[in-house]
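Dock chain one against chain two, each of which comes alone in its own frame, and use the hints as you go.
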Amino acid sequence: SQQGEEDPQALSIQEGENATMNCSYKTSINNLQWYRQNSGRGLVHLILIRSNEREKHSGRLRVTLDTSKKSSSLLITASRAADTASYFCATDYQGAQKLVFGQGTRLTINP
Amino acid sequence: GAVVSQHPSRVICKSGTSVKIECRSLDFQATTMFWYRQFPKQSLMLMATSNEGSKATYEQGVEKDKFLINHASLTLSTLTVTSAHPEDSSFYICSANPMRGTGNTIYFGEGSWLTVV
Numbered sequence: 002s003q004q005g006e007e008d009p010q011a012l013s014i015q016e017g018e019n020a021t022m023n024c025s026y027k028t029s030i031n032n033l034q035w036y037r038q039n040s041g042r043g044l045v046h047l048i049l050i051r052s053n054e055r056e057k058h059s060g061r062l063r064v065t066l067d068t069s070k071k072s073s074s075l076l077i078t079a080s081r082a083a084d085t086a087s088y089f090c091a092t093d094y095q096g097a098q099k100l101v102f103g104q105g106t107r108l109t110i111n112p
Numbered sequence: 003g004a005v006v007s008q009h010p011s012r013v014i015c016k017s018g019t020s021v022k023i024e025c026r027s028l029d030f031q032a033t034t035m036f037w038y039r040q041f042p043k044q045s046l047m048l049m050a051t052s053n054e055g056s057k058a059t060y061e062q063g064v065e066k067d068k069f070l071i072n073h074a075s076l077t078l079s080t081l082t083v084t085s086a087h088p089e090d091s092s093f094y095i096c097s098a099n100p101m102r103g104t105g106n107t108i109y110f111g112e113g114s115w116l117t118v119v
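Protein chains in written order, with the working numbering: chain H, 2 to 112; chain C, 3 to 119.
Just chain C, with the same shape it has in the complex (with noise of 0.2 Å):
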């Protein structure tokens, strides 16, 4: 079964709202987790990396003030996409490991289809 939780799998907002989607670990807690996000047909371009009780690291050209990320547990990070635009429509997709340190598998959730209208 899943060890990584996304929800919503799918949402539909109006344009100017703000969604949130989260992305739990259900068998282990993660100090981190990371936010991808994925237009179609195309590659995952990491967005950000959530660390849990303190400020999220964003790549460079995310706008932080856009995407709002809150990792406030050890097994709960969420992701807001505040005045969301059309195109912002697109798959966002979490990564959370179970240990720290380098070679160890990472866990992907199922994630998020937003489509902004």
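So that you can see chain H by itself, here it is in the shape it has in the complex (with noise of 0.2 Å):
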């Protein structure tokens, strides 16, 4: 399988602490995306790190890419209730349109 994981597979912190998750992978790739989904939604894209950065910043997000180590980390900083969902990462499977996704992170903010 292609699959990526993700760890942890869930996560529960409380508001205003920072969210860490992390992602593997297991080919190369041209750029790895995150996304998030509220339960029984579908998917809101959060950020694109292209193979060629380490790290990428979107507001309270904050993402980094080590393509040595095939690895990418998803940094949710002053964590809110309202950013609890399942986050994804995903790549782009040998360059085309259709992604891989991992496993997922379920977090839970608690208020």
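Think of the hints as simulated: they come from the structure by calculation, not from any bench.
Don't take each hint at face value.
[What the hints assert, rightly or not] Calculated lysine-lysine pairs in the DSBU-like style (CA-CA distance at most 30 Å, straight line):
no.: 1; chain 1: C; residue 1: Lys43; chain 2: H; residue 2: Lys71
no.: 2; chain 1: H; residue 1: Lys70; chain 2: H; residue 2: Lys57
no.: 3; chain 1: H; residue 1: Lys27; chain 2: C; residue 2: Lys66
As structure tokens, then:
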């Protein structure tokens, strides 16, 4: 399977704390993307990082990419209850537009 | 607003019947769309690539005769689950990209919940 892995599978923290999720993948990539999915809903694109980038920021989100280790991390700072969702990393498979998703991390922010 | 629309958002069908799910790109044309399936508390698994004007490309293990895909126009792809069984109950979600090449944002539909009873 080309599917990557994410850890932790579930994360529960207090509002205001930072949340870090990790993703590992198996093949070479052109880019890696992070998505959020609220329960029973579609995916919301959060951020895309290209293979030649090491770090990217977007608001409270910080994404790192280590292509030598085939891993990425998503940091959400100053978490809010509304950040409660599942977060998935996804890599472009063989350079195509189709995506290979990680297993996801279920994040719960406790008020 | 949504740039990729799926319909229906929820559908219940009887075992043995067929059900069609539509995926439309609202603001752009897409020669390629993708269909994913997601079981509860699991990740998304790519089922097939829908190609406008040609046959869909199915991933290994996905039955092409059971999951019929038609991409008749540049803004519409349909997935038909034929002879549905309870094990086909799942969340089906499509995606489309308005531009060719890599490194572009891919837009997902809101998904369609299928329950087979």
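For each hint, the structure was consulted:
1. C:Lys43 <-> H:Lys71: Satisfied, since the Cα-Cα distance of roughly 24 Å is no more than 30 Å.
2. H:Lys70 <-> H:Lys57: 17 Å, holds
3. H:Lys27 <-> C:Lys66: Satisfied, since the Cα-Cα distance of roughly 27 Å is no more than 30 Å.
Violated hints: none; the structure is consistent with every hint.
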